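Novice: Protein chains in written order, with the numbering used here: chain A, 1 to 116; chain B, 1001 to 1114.
The hints are simulated quantities; they were obtained by calculation from the structure and are not laboratory data.
It is possible that part of the hints are untrue.
The calculated lysine to aspartate or glutamate pairs, modelled on DMTMM-like cross-linking and capped at a C-alpha distance of 25 Å, are [as the list claims (entries may be wrong)]:
#1 A:K41 to B:D1081
#2 B:K1109 to A:E104
#3 B:K1057 to A:E104
#4 B:K1065 to B:E1008
Predicted model only: the values in this text are computed from it and were never measured.
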Amino acid sequence: GAVVSQHPSWVICKSGTSVKIECRSLDFQATTMFWYRQFPKQSLMLMATSNEGSKATYEQGVEKDKFLINHASLTLSTLTVTSAHPEDSSFYICSTKQGGDYNEQFFGPGTRLTVL
Amino acid sequence: AQRVTQPEKLLSVFKGAPVELKCNYSYSGSPELFWYVQYSRQRLQLLLRHISRESIKGFTADLNKGETSFHLKKPFAQEEDSAMYYCALSGPMNYGGSQGNLIFGKGTKLSVKP
């Protein structure tokens, strides 16, 4: 299956600063990447779907101006949390999907964001 | 509304005992169902999908459209099965169309005791 990496694996930042999280597809070209958020002991919540070369599609309730997604290449998507606040502290996970008929997603290891 | 329900947060069994992790879904149409597993300190990974009709690591899951269920079963649990299990659904894949978004249940933590 596809290998997905995320960087950084964890980050601590001050309130008001911006943080960028990278998601890379290492062994295949991913036209579609997904960004999830997971609160402690809760399930994954889809935040947005990122398509290479076009604007991301955000789920209802997700602020697109706060969570900026860029998918400029077939192997890299970035999520920037702007003006971070403590309530943005969470585990952010990206995934990619094989093309064609397959709905299987391959997940990155996640990024733990802590906003002080 | 599309929804996946996993009623049990925690399921604890002894090694060798049968295990069933429940999953019910709500979807207006014919979804594709998955079970994902997350072992301690590892990333989420696919365990099985209903269209494959295969057994992975001794686990099976049958899609019951009448009961809108996709329960995960294993006849003899092993300690290494201890993990977090997530049931998920996606809309039917339209070739070149659907983006295949996944909707996850809240997960069930399986603990297999020696």
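Novice: Would you mind marking each hint as holding or not holding in the structure?
Specialist: Each hint tested on the structure:
1. For the given pair, K41 (chain A) sits about 19 Å from D1081 (chain B) by alpha-carbon distance, which is consistent with the 25 Å threshold.
2. Annotation: proposed proximity of K1109 (chain B) to E104 (chain A) holds, straight-line Cα distance about 22 Å (limit 25 Å).
3. Straight-line distance between C-alpha atoms of K1057 (chain B) and E104 (chain A) comes to about 18 Å, which keeps the hinted pair within the 25 Å bound.
4. A C-alpha spacing of about 21 Å is found between K1065 (chain B) and E1008 (chain B), which places the hinted pair at or below 25 Å, so the restraint holds.
In summary, this structure violates none of the numbered hints.
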